[in-house]
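Each protein sequence line maps, in turn, to chains V and E. Residue 79 in this note's numbering is what sits at position 79 of the first sequence, and the numbering runs on without skipping anything. Residue 14 in this note's numbering is what sits at position 14 of the second sequence, and the numbering runs on without skipping anything.
No lab work stands behind these hints, which were simulated from the structure alone. Careful: at least some of the hints might be erroneous.
[Stated by the list, open to error] Among the chain V residues that face chain E by a calculated CB cut under 7 Å, a handful are:
id, residue
1, A39
2, N40
3, N132
4, P134
5, G166
6, A212
[Claimed, not checked] Here are the computed lysine to any residue pairs in the SDA-like style, where the Cα-Cα straight-line distance is at most 20 Å:
id, chain 1, residue 1, chain 2, residue 2
7, E, K64, E, E135
8, V, K64, E, K64
9, V, K64, V, L127
10, E, K64, V, Q36
11, V, K64, E, N40
12, V, K64, V, P139
13, V, K64, V, S45
14, E, K64, E, T20
15, V, K64, V, G37
16, E, K64, E, A136
17, V, K64, V, Q156
18, V, K64, E, A39
19, E, K64, E, M145
20, E, K64, V, N40
21, V, K64, V, D23
22, V, K64, V, Y87
23, E, K64, E, P134
24, E, K64, E, R137
25, V, K64, V, A49
26, E, K64, V, G37
27, V, K64, E, P134
28, E, K64, V, P134
29, V, K64, E, Q36
30, E, K64, E, N149
31, E, K64, V, A39
Quick reminder that beta carbons are idealized off the backbone N, C-alpha and C, glycines included.
Number of protein chains: 2
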Amino acid sequence: MTTTGPGRPRKQQPSRPGATARDEILDAAAELFTTQGYANTSTRSIAEAVGIRQSSLYHHFGHKDDILEVLLAGTVAGGLAFARRVYSDSEGGSGDEGDGGPMAAAARLHAVALYDGTQLCTARWNLGVLYNLPEARTPRFHSFMADRNELRGLYQRLGAELPANGWASTSENGDLAFRLVESLVNLRADGLNTPDSPQQAADAGIVLCGLAASLAAIRARSAALVTRMG
Amino acid sequence: MTTTGPGRPRKQQPSRPGATARDEILDAAAELFTTQGYANTSTRSIAEAVGIRQSSLYHHFGHKDDILEVLLAGTVAGGLAFARRVYSDSEGGSGDEGDGGPMAAAARLHAVALYDGTQLCTARWNLGVLYNLPEARTPRFHSFMADRNELRGLYQRLGAELPANGWASTSENGDLAFRLVESLVNLRADGLNTPDSPQQAADAGIVLCGLAASLAAIRARSAALVTRMG
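Isolated chain V (complex conformation):
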């Protein structure tokens, strides 16, 4: 039996993923924001899509932007948590990949890109299309942007551990990987992503670091990292 949390009983049984009414509201909002647009979606239409009254929705979220905040945070939460673990692990030098060499460093960057890109491609809704909304760039969503900036910074620091790549400064290694992973959002919006797309983005990030010749070995170490820490 699904619990509905606070608020009135729902008019119909849940038809959306999620154990709670809150999860169903988030799912309906994610669908409407990505398919009809954020500004074009009212809390009334979200409530209708869930099959609850608008007043019940307000028991869970006071404003529409509270819903957007949770959804945006969800697009980076998994990738950020994984990147933090991988980066902390590399600092301690523990773990069987922690030999400090360029191969280990490359595997860490590859694993973060692969994990993050997989999250973006397999989430039920392609919420990254909302990143460039003017609304998402306002102070109201500074918490999301701080998380996204921290994730970007971890890519940069992981990339800076790699040797010079021969064509750009090492500080760019990680940022180009970050950009390739975020480009999966557009690829998915265009209907062009495949199950291999996250791996390809991670691979491309490594090739840009000048390590194409070691890609097979880096992939294997990256897969081990994802298994161990994912």
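On the provided structure of chain V, position chain E as indicated by the hints.
Chain E only, in chain V's frame:
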């Protein structure tokens, strides 16, 4: 003296770039769409930003989506026209870069990416942030999407002229360059672009093709192409 085209005389002198009232409307709309959001912007607010009556705006554009159509088309028009010229030139084998070798092919891809990326980074407003609007993905804007798809296809065909890069299929060469160039939109939205960003995106596209060692020579040929055909 600026001509105002059809419609009533404007209440104030033009303060926006553009020789005509139509250009001023487009500039004001571009600013409002990118800073406040498309759905949040009314034709009334666009007219107010120009200093004309709403009825005068309707002499130029019947609907708000007619304005968006022109603005979206403008984001790809320059890059597409240049890519068409470069691709046609390569087919004929004319031109001093047209030696048919991988260096010439790489220079063509680099030049298209550099030209296209420069357009995205130097346009007065960062209109690429509107690409992922649900509205832009509707049949109403099929003409823009057809242009963008043609441009993407030209990147792909130019990339397919390059030799195998050792890590991905050659059909991916051009598409990764296209994605890196479009990622300039996000970089600009994040305030992180520099005057070198378009060159860096074009360079990265070439590195992903396995031609990092020839980058200096490819850049020189690319610059000559942009000068000759841009």
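### Message
Could you work out which of the previously given hints the structure breaks and list their numbers from low to high?
### Response
8, 17, 22, 30
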